[in-house]
Structures are given as C-alpha cells and as structure tokens.
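Trainee: Throw the hints in and build the complete structure from the sequences for me.
Read in order, the letters of the sequence shown are residues -20 to -1, 1 to 244 in mature numbering (1 follows the signal peptide of the UniProt record, and there is no 0).
Be aware that one or more of the hints could be misleading.
Now the in silico label distances, taken between C-beta atoms and shown as ranges [unchecked claim]:
id	residue 1	residue 2	range
1	SER21	ASP106	27 to 33 Å
2	SER68	THR228	24 to 30 Å
3	ASN126	TYR171	27 to 33 Å
4	GLY125	ASN214	26 to 32 Å
5	TRP243	THR220	31 to 37 Å
6	THR187	ARG105	53 to 59 Å
Everything labelled a hint here was simulated from the structure, so no lab data went into it.
Predicted model, so just to flag it, every value in this text is computed and none were measured.
Backbone N, C-alpha and C fix where the C-beta goes; we use that ideal spot for every residue, glycine too.
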Amino acid sequence: MGSFLYLVVVIFIFSSSVNACDRCLHRSKASYFSSASALSSGACAYGSMATRFFAGHIAAATPSIYKDGAGCGACFQVRCKNPKLCSSKGTIVMVTDLNKSNQTDLVLSSRAFRAMAKPVSGADRDLLKQGIVDIDYQRVPCDYGNKNMNVRVEEASKKPNYLEIKLLYQGGQTEVVAIDIAQVGSSRWGYMSRSHGAVWTTDKVPTGALQFRFVVTGGYDGKMIWAQSALPANWEAGKTYDAGVQITDIAQEGCDPCDAHIWK
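Mentor: The structure is reproduced here in structure tokens:
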C-alpha cells in the first residue's frame, strides 16, 4: 500500500509540473535588496552560504517559482527592458528566498540588479536609482562546471535517530521532489520529507553508510537519480559531502512563447 501511495504522489507531482512553464518567457518587474544578507537568511535556509552562490547573484522569488521550497536553487536569466541602461544579456540568478510581494516576481540582490546594466561607466548606479524595473526572465540550467551535487548534514541532525540534510550545487533545470534513503547495499528504502525550503528530514535513519535516490522532475520529464554512496557511516552534523552525482536534465515544456536559448 505504501509503495502504491508513493507512486501516486510522484505521478501527481510529475503531472502537476507540466503547467509550470518555468523556462518560457515571463514579463514582470524586479526590485532589489540593498543588502545581500537579507537574502542569505531567506526561506530556502541556505544561510550565509547563499551569498557565495553565483558570486552573490541571488534572488527572492514569487510563490509560483518558490513552489513551497521545490524551487530553491533554481536559476533564472533576468534582463531589464530599459534600452538606455540595460544590456541584452542581463544576468543569471539563483533562487534563495521567497518573495511575498505582489508587485514583483523577483527581488534581486543589489549585485545581481546592477549586473543587468550595460557595461558602461555609471549605468549600474543609474539602474539602482530606478528601484524597480520592467524585466523579461526565463529559467535556465544551473551550471556548476564539473562539480557534483553536495549533501550538507545540518547541525540539527542527531545520530542515530534524526537526519536533516540540504542539497547544494544542484545542476540542470529540474527540481528534486522526493528523496529515498537506505543503507548502502540495502534494498530497504525509506523516505525523507521536505521540512522547509531546501531542507529534508527523516527520523528513521538507517545505520552505516547511506545512499539516496533523488526523484527529479521538470516539465514533461521525470526520473530517479541514484547516489549510491553519498554519506559515510561516520557522517557528522555540520559537514558537507560529495553526492557523487550531478543532475543535468533540462525541463521539457509545452507552453508558449518558449525560448530555449540563453540570451547573449
């Protein structure tokens, strides 16, 4: 019965994501936080490390992008539409927080906001003076080069009964919507639950080294990615471990208009 319910949930998640149309063109407005620290304490729970992602080009996103935490870590290319001040390329930001304002879809760090400006002297300062600007934005793959996805064991974790993890450096253009956990070499899989933001938890922690199965989805595509040995038997709270895998899948969506190209 448990497996059946799990399958139903996964199928629902896959089908409901079809209408997300993340990578298609969106038009809205964007503002900025004067301090990146406001975003680093955001709803995704990345903490101070948030300001190190993409050189501090981070953003708070509207609930339709944040998706109750599933959108944490997603990357978007954003460009403003003032031809006198803004470049045609814009900048790429990573979602680290929830934006509850109904005035803008995105609130950028000031560094990301300035990066939308033309590369001419003073354009970034003049852009900041605007405060809020019209934008186009689209979802793009997160590119971490040859770096694998990491699993951070949160400080609240306590052996042997409680494990709290956060996924870092997730590439591609999909979302992790479910996580299974088991001892390495075992076929007795349990499941983890999303606690908040990018944080997943379980109070049924297998002994020994741990493996994970990440269920990822985006648009019409869904698949399972297996990290066969992600945490050692002596895992410790507060430490980060190489998952040994990376997610590189690109969402396939059928909405219109849709732009599959990164703007230059």
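Trainee: So, for every hint listed, does it hold in this structure?
Mentor: Right, here's what the structure says about each hint:
| no. | hint | in the structure |
| --- | --- | --- |
| 1 | SER21 with ASP106: 27 to 33 Å | 29 Å, holds |
| 2 | SER68 with THR228: 24 to 30 Å | 27 Å, holds |
| 3 | ASN126 with TYR171: 27 to 33 Å | 30 Å, holds |
| 4 | GLY125 with ASN214: 26 to 32 Å | 29 Å, holds |
| 5 | TRP243 with THR220: 31 to 37 Å | 33 Å, holds |
| 6 | THR187 with ARG105: 53 to 59 Å | 57 Å, holds |
When held up to the earlier numbered hints, the structure conflicts with none and fits them all.
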